[in-house]
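J.: As a plain string of letters, each chain reads:
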Amino acid sequence: MKMPVAAVALLAASALGSGCKHESRDLRPTEAVSKAGGGVVLSTLFAGGVPGAIAGTLQANQENAYAMNEGKRLFDAYNCSGCHAHGGGGIGPALMDAKWIYGSAPQNVYATIVEGRPNGMPSFRGKLPDFQVAQLVAYVRSMSGLAGGLWAPGRNDSMQVKPGENTVTMQSPVRAEGAPPP
Amino acid sequence: MNDARNDAMNDATNEALAATWSPGRGLGAWLREVRHTEIGKRFVVTAFLFFAAGGVEAILMRLQLSKPNNGMVGPDLYNRLFTTHGSTMMFLFAVPVMQGVGTFIVPLMIGARNLAFPRLSAYSYYVYVVGGLLLYVGFAFRAGPDAGWFAYTPLSGPGFSPGKRMDVWAQMITFTELSALATAVNLVVTIFKHRAPGMSITRMPLTVWAFLVVAFMIIFAMPAVVIASSCLALDRLVGSHFFNHAEGGDHLLWQHMFWFFAHPEVYIIFLPGLGMISAMLPAFTRRRVVGYDVVVLATVTTGFVAFGVWVHHMFAVGLPQLGDSYFTASSLIITIPTGLQIFCWLATLWRAPLRFATPLLFVLGFFVTFVVGGLTGVMLASVPLDLQVHDTMFVVAHLHYVLIGGAVFPLLGAVYYWFPKATGRLLNERAGKVSFWLTLVGFNATFFPLHLLGLHGMPRRMYTYLPGSGWHHLNLFATASAGVLALGILLTFINVIVSHARGLRAQANPWDAESLEWAVPSPPPPYNFAEIPIVGGRAPLWEEPSSRGVVTGLASDRREVLVTTLLDAAPDHRTILAGPSIWPLFAAAVTGVGFIVSMFTPWGLPIAVALGTPVMVGWFWPKGRPTPLHAEQPGSKAA
Amino acid sequence: MIPGSGYALAPAGPQAARLAQVFWGFFAVCVVVYVVVVALLLLGVLRPGAAPLDEAGRLRLVALGGVLTAVALVALLVISIRGGHELNPMRGAKDVLTVHVIGRQWWWELRYPGTAPDQQVVTANELHIPVGRPVLLELESRDVIHSFWVPELHGKRDLVPGHDSTTYLQADRPGVFRGQCAEFCGAQHAQMGILVIAEPESDFQAWLAAERRPAPPVSGLTPDAQRGRELFLRGTCVMCHRVAGTPAGATMGPDLTHLASRRTLAAGSLPNVHEHLRRWVTDAQTVKPGSHMPPTPLGTEDQHSLLAFLEALR
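Chains as they are written, first to last, in the working numbering: chain A, 1 to 182; chain B, 183 to 821; chain C, 822 to 1135.
Isolated chain A, as found in the complex (with noise of 0.2 Å):
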């Protein structure tokens, strides 16, 4: 009889423990949109760093594997594999590897998503949710291993071009010849 009950026991204790971060499921993203409207911007900073608002976002998406996989899927449906293909490059460059033009943390890649880069990355300011933003920058992370590890996405039901994400070794992320500081 003492088995079943030290299995209870064990169940209920973890029962009261916050659940796994990684395996969360968040079906009803916040709200906010990259600031809407059109303009140009003439700078990539911003006062005190990324915005408040979506810092928290940024933060929880990197090691959740429902959100890197979502980034995946909005990846193709985006069509960033357009420039990109998956990972290695083609009229914009190969995110797979260890070199970083504009940084590798994820405020950088937010940034650059947001704001676009010069000579070919448009900005996406206005045209995505933050959420989603913020799930593309935890996929396109681990596709260098920089982010979700055992959590990365496995491979995808298509033809293979590389291996999935959660085997890939971690890169250090090194800044590219000529490129600006971080």
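A short list of chain A residues far from chain C (calculated; beta carbon distances all over 10 Å):
no., residue
1, A94
2, M121
3, S123
4, T167
Covered by chain A, according to a simulated footprint, are these stretches of chain B (three or more residues, beta-carbon under 8 Å):
no., region
5, 319-332
6, 345-352
7, 426-432
What the hints contain is simulated information worked out from the structure, not anything from laboratory work.
In this text, a Cβ means the ideal position worked out from N, Cα and C, and glycines have one as well.
Dock chains B and C against chain A, hints included.
T.: For chains B and C alone, kept in the frame of chain A given last:
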């Protein structure tokens, strides 16, 4: 020989047997337990705890479905609830409880002192517990599986089930199937070689036949799902392409592999129930079951044909019509052996002097409930009909009618029937009868409306439905009735808990039944039979006592048992059974570590081998030269 | 009137009618069998004590029961095979309408290929078919396994990635028929409905012609709707949706060119009226949490304009 000296010798023998076969006291002894009675009880108790958990999940689902657009449970939690409910009921309750009943009752029914491989039975239990804990700890950490208990790819694959949720499912499968395989092997060898002398294969109780067939079915079916879940785990973990059609894999491969296992699985759950009915009917009808040969052949036939019907789960996929027609025919044919068994039981009951105790009530409940499920199963066997009701609440109704009607009702009856033998106390009869009626009425009221809902277009696995669907009232009625069903089950649970402490004491044979387990005291001593009986017919306890002999010459200072021949159960040789051992627990721990780590990295398997090698060495370490045996050979003497 | 469900035993087409016949045949046999079994049980249980038959007699009765069971099963097998035979007899018919149905998480993309590429019609979640003509559905899935099921017209057919399949439908009377995805496909499997609208041939052709037209030009819109069009093209909508006649050409989400002509939103989850449209556009996640439509917060004026544009997409 005068009686006093006879009694004194018997007492001395019993004391020696008790000393040899007793497990000792304390936590260490509890963890080292290898007695089949104890392990069987643990299986049954643990399985019913999982049954309660699955029932809570079901109640939550029914509450969510009680009204349209209900916000009580969101889609993600609902998906995890129904996946966990299905996985719990199928893998953590239905099969293990049958493992438990088989472990407890089969050695007693065949006149054996324990199963053939005592430590393997302990391992089987521990590995099952690890698997169950894995599922529920996963659930608690929001890593519980959510793609259905059947886990169709690509939804369960790496692209659409991120995280470790489905890896938890795949490994839980591995644990529970290992457990079932271990029990199956144990049962086959025990049934074939450890029967009491004289219990030829055609004198074996029908219950034992049912467990024998089920054990073989487990051996053939379980590997399929272990392979399937391993392929899924590999796809998810290392990026293999078993189920990736773009690289030469196939999503239908999953379906075929899974259903090749899962259809026999439902018969693995259902056939022991039929065996229990054959066990209970004689005591309450005062007759042996009519048509012993028919029932045996029907059981064996069902076991075979069960492997030839799996595609009826895939009729909507669009396989070639000729193949589908074959599976319609086989799914219809499988009705015949079960039908013959039912007719044999009806013939047994026909105008017999019945004693309407709770076990008999559950048997009668089986008839009126299971037959509904069997008939809707016949409907589902037809391709055109199935195309309308496949994957709807109609199937949910069917599966619960056959599983609850066909397995749980006999199981509940068996609980009332064998509880006295297992614990030495009787369950309360009045509470039993009330529980039966609540369960019967509650079950039918909950699940019958689901047939109609399915025909009215309500698919399965929906977390909510629209107000305009017209499904509200039937769903609400089903939810309310589920409360009645839950009450009935709860009453049995309370009956068990209270009667265990305060029930009327039971003698050896409170039901005046005919099979060997009723020859030993209630509860059985650690050595089961003081003297192994010699069996002369199919109803040993109903034959003339003077015609029963006993086996003599077995040592009582070591765990010596008699091994008999397969068909005629003639004495063949003696062997020593293993005693209490900690190695099964360590082996289960190593298995657990190995498979759980392999959810995260392929290194889990080498780690399991590295840790497992010393454990296997410890388990199989030779016990040294046995002390010299007695001069006598095993023989028999008149009682 | 938008039906909330379909009833398999109220067939509106030849396939469903045949399936319903099979059902009633089986139902009749099964009811008889059940009544016989329960009667035997009750008779046997409630009248104890008569002189019992001997074992041989009982076995003869068991054998009789077995034979009767086998006879009943053979009858059912015949009913089943005849019912399922040539269920799609229109394979050689000349006037078959072909529609591509693409199942996606969690909506139905519908393409009418037409005779030439510029005749193609792309729509979502609402399948229009002409009454009395056979319709060939070519089924394909973009992601996971779905199942196309409209109970009043036919049994279901799974959409398995890698195994494109086909099924036929035919409606013998005009009407609106509700279907539902019938294979668990993820978070919003419960809200993946489809409406099949069977209409007379002339109405159907008129609908097709209307679907081929692009959205109204800017000049044809009210100022409010023009402002809404600007919001549509400058905001997040354009990342996923196509509106023919505008620069918006994304195919990730449903085609919205004729959104206002559809009866429901969100794959049959909401009636297509102003308030529901507003709720769906601004906060889809409270209607269908987990669906791929993100929340789009807008001020009241912006909402008004955007909806004016969307409601002009007839």
